[in-house]
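Counting from 11, one number per residue, gives the positions in the sequence shown under our numbering.
Honestly, the hints are just simulated from the structure, not real lab data. Note that the structure is predicted; figures quoted are calculated from it, not measured. The C-beta atom is built at its ideal place from N, Cα and C for all residues, glycine as well. Hints are not guaranteed to be accurate.
[Unchecked claim] Label pairs and their computed distance ranges (CB to CB):
no.	residue 1	residue 2	range
1	P242	T221	17 to 23 Å
2	P72	R181	51 to 57 Å
3	Q156	A115	19 to 25 Å
4	E238	G273	46 to 52 Å
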Amino acid sequence: QIRDLLSRLTPNSLAPTFVFDAGYDPESLARELGEDGGQVAVLVRLRRDRCFYADPVQVPRPRGGRPRRHGAKFACRDEGTWWVPAADRHEADEQYGQVRVRAWADVHAKSQNHPAKGSRRTRAYARGTLILVEVSRLPAKTREPQQLWLWWHGPEGTMPDLGLVWQAYVRRFDLEHTFRFIKQGLNWDTPRVRHPEQADRWTWLVLLAYTVLRLARPLVEDRRLPWEQLRPPGRLTPARVRRGFPQLLVALGTPASPPKPCGRSPGRPHGRRSGPAPRFPARKRAA
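Modelling step: build the complete structure from the supplied sequences, incorporating the hints.
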């Protein structure tokens with residue numbers, strides 16, 4: 011998917027950033043991209059118990075032997091193993107309060123020796139930048155904020171923009187909630203269509219309905235649930251606009267003509283059978 015998108019993008023001096031959740035292996039992504047890795051930047055969320063290593067300091071060995079492959083260990087859970095970061099940024103945000111972002115450059119992880127997902131062969135290391143994001147508060151204020159670990163890999167010789175990296179991952183949550191509302195609220199995946207053209211038309215209709223909900227925010231009243239906080243009219247969520255949209259439909263009307271009753275359908279002609287419906291393979295993410 012990344013290569014397909016790169017073939018359709020216009021050349022630009024800035025490499026596009028692709029954001030992934032913790033279910034993806036960052037080094038596998040960097041290795042699979044290969045030569046295309048110099049054209050994109052990959053940002054992956056990490057577990058808080060990951061360990062990384064710096065490049066080793068090579069010392070002369072009088073008796074020979076294999077040189078060291080790993081240097082100092084960096085354990086995300088153990089702050090005593092952290093060395094001085096390559097970059098440190100402090101800023102104030104309206105939703106998250108005081109934000110501190112630190113980055114450690116040129117770190118790599120060990121290859122796993124696992125029968126299903128590891129390899130006994132020595133693989134080339136994909137060096138990247140380890141990023142730690144710490145905030146003073148969360149927008150929902152339902153729990154204490156925790157550390158957010160990210161791994162960034164981009165074109166060689168470049169450092170990530172720390173002010174842009176953490177906001178790029180936060181925007182990923184906005185997209186996740188948008189897809190959830192489109193599926194659950196606007197029934198994007200409810201129809202069982204048979205042709206790809208029908209699926210495309212239904213997708214455009216759903217996007218049109220979502221756009222109408224965004225434009226109707228200042229025109230409807232906030233019909234919030236008892237446990238929801240009051241919001242200004244210009245910042246209503248699409249779900250709240252959808253609750254008050256029936257009142258707006260009464261004032262707007264509809265361009266469609268009223269339904270007309272019809273007689274009983276004659277049905278399929280006698281002796282004619284419809285053939286089997288065409289089948290299309292479903293696209294699934296590989297295991």
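Is 17 to 23 Å a correct range for the gap between the Cβ atoms of P242 and T221?
holds, 20 Å
Satisfaction of the hinted span 46 to 52 Å by the C-beta atoms belonging to E238 and G273:
Holds, since E238 and G273 (Cβ atoms, about 48 Å apart) stay within the stated range.
Cβ separation of Q156 and A115, checked against the hinted range 19 to 25 Å
Cβ of Q156 to Cβ of A115: about 24 Å, so the range 19 to 25 Å holds.
Taking the beta carbons of P72 and R181, is their distance inside 51 to 57 Å?
Cβ of P72 to Cβ of R181: about 55 Å, so the range 51 to 57 Å holds.
The structure shown violates none of the earlier numbered hints.
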